[in-house]
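Colleague: Next come the chains, spelled out residue by residue.
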Amino acid sequence: MHEHRDYQGAKMGMWLFLFTEILLFGGLFVLYAVTLGRFPIEFHEASKLLDVTMGTTNTVVLITSSLFAALAVTALQKGNRRLAEVFIGLTVALACCFLVIKYFEWSHKFHMGIYPGSADIADWAPGKQAFFALYYTMTGLHGVHVLIGMALFGWVWWLIRAGKCTSDHYVALENGGLYWHLVDLVWIFLFPLYYLIT
Amino acid sequence: MSEQTRHHGPGYGLFVAVWAALMVFTGITVWASTVDLGFLNVVVAMAIASTKAALVVFFFMHLKYESWTLKSMVLLAFVILAIFIGFTFFDTANR
Chain A
1 MHEHRDYQGA KMGMWLFLFT EILLFGGLFV LYAVTLGRFP IEFHEASKLL DVTMGTTNTV
61 VLITSSLFAA LAVTALQKGN RRLAEVFIGL TVALACCFLV IKYFEWSHKF HMGIYPGSAD
121 IADWAPGKQA FFALYYTMTG LHGVHVLIGM ALFGWVWWLI RAGKCTSDHY VALENGGLYW
181 HLVDLVWIFL FPLYYLIT
Chain B
1 MSEQTRHHGP GYGLFVAVWA ALMVFTGITV WASTVDLGFL NVVVAMAIAS TKAALVVFFF
61 MHLKYESWTL KSMVLLAFVI LAIFIGFTFF DTANR
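Taken in order, these protein sequences are the chains called A and B. Quick note on my numbering: the first sequence kicks off at 1 and runs consecutively. Quick note on my numbering: the second sequence kicks off at 1 and runs consecutively.
Hint data in this document are derived by calculation from the structure and do not stem from the laboratory. Beta carbons: idealized from backbone N, C-alpha and C, even for Gly. Worth double-checking, as some hints may not be accurate.
Said to hold, decoys possible - Chain A is nowhere near these chain B residues, computed Cβ spacing over 10 Å in every case:
| hint | residue |
| --- | --- |
| 1 | Trp-19 |
| 2 | Lys-64 |
| 3 | Asn-94 |
To be verified - With a straight-line cut-off of 35 Å between C-alpha atoms, the simulated DSBU-like cross-links for lysine-lysine are:
| hint | chain 1 | residue 1 | chain 2 | residue 2 |
| --- | --- | --- | --- | --- |
| 4 | B | Lys-64 | A | Lys-128 |
| 5 | A | Lys-109 | B | Lys-71 |
| 6 | A | Lys-78 | A | Lys-109 |
| 7 | B | Lys-64 | A | Lys-109 |
| 8 | A | Lys-48 | A | Lys-11 |
| 9 | B | Lys-64 | A | Lys-78 |
| 10 | B | Lys-71 | A | Lys-48 |
| 11 | A | Lys-164 | B | Lys-64 |
| 12 | A | Lys-109 | A | Lys-11 |
| 13 | A | Lys-102 | B | Lys-64 |
| 14 | A | Lys-102 | B | Lys-71 |
| 15 | A | Lys-128 | A | Lys-11 |
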């Protein structure tokens with residue numbers, strides 16, 4: 001039986017979905033920009049409380065995971081199934097590493113009493129409070145995307161093992177990769193906006 | 001199977017080169033944030049982030065190798081986002 005496949009259509013559908021993601025994060029970036037315009041000094045002060053080393057490490061980790069995701073697609077296209085699986089494993093491992101670093105960052109902040117609605121920041125300037133409200137919302141939503149991306153790659157990895165994603169029919173891996181690169185793309189903007197406006 | 005005839009996309013080497021460029025830009029943006037440029041700091045940081053984003057979109061996301069239809073669609077999405085941001089600032093800047 002012939003299975004109907006529309007490669008271009010499948011990819012275009014993924015891009016259409018990514019546009020909705022761009023608008024979702026775009027809305028939050030607009031909110032950030034407007035609030036920064038209103039409280040520039042408070043944002044600079046609040047930004048100094050974030051750990052640049054951890055932020056930079058996470059940037060390197062996420063961009064490298066994106067590289068492995070891109071290499072996985074190439075490997076499968078070239079028919080190297082085993083290598084594609086290794087690259088997917090490395091992508092997921094680095095995604096995990098990103099979340100562990102994020103966990104330490106957040107728990108350290110929580111420990112210092114810096115989180116929206118905490119008693120410690122109730123007396124802070126509104127701009128500084130807004131910075132952390134936005135920080136937790138945007139990096140939190142981004143973190144959820146990292147989790148979804150990991151699950152997606154787990155599923156694609158299974159598809160490859162099951163012989164349902166092959167060098168002739170790799171659109172599932174390619175679309176998974178597109179999603180992962182979007183997650184990377186969002187972080188590329190989050191990183192300077194939160195960590196580097198000191 | 002049309003996929004097989006469309007073996008687009010660069011090889012491993014180009015991806016590693018793009019990754020290296022992204023690492024260099026990450027270093028530059030961290031360094032640039034230590035230089036006091038006032039308001040321009042945000043502009044410089046966003047310019048570097050946009051350059052990095054373009055590298056990710058064109059190479060990692062294969063947009064460079066896609067049809068003009070898809071390229072136009074992506075352009076349209078970003079134009080809409082720019083209008084959306086622009087109009088918000090028309091409003092908030094003139095209050």
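Colleague: Which numbered conditions among the earlier hints are violated in the structure presented, ordered from lowest to highest?
Modeller: 1, 4, 5, 6, 7, 8, 10, 12 and 15
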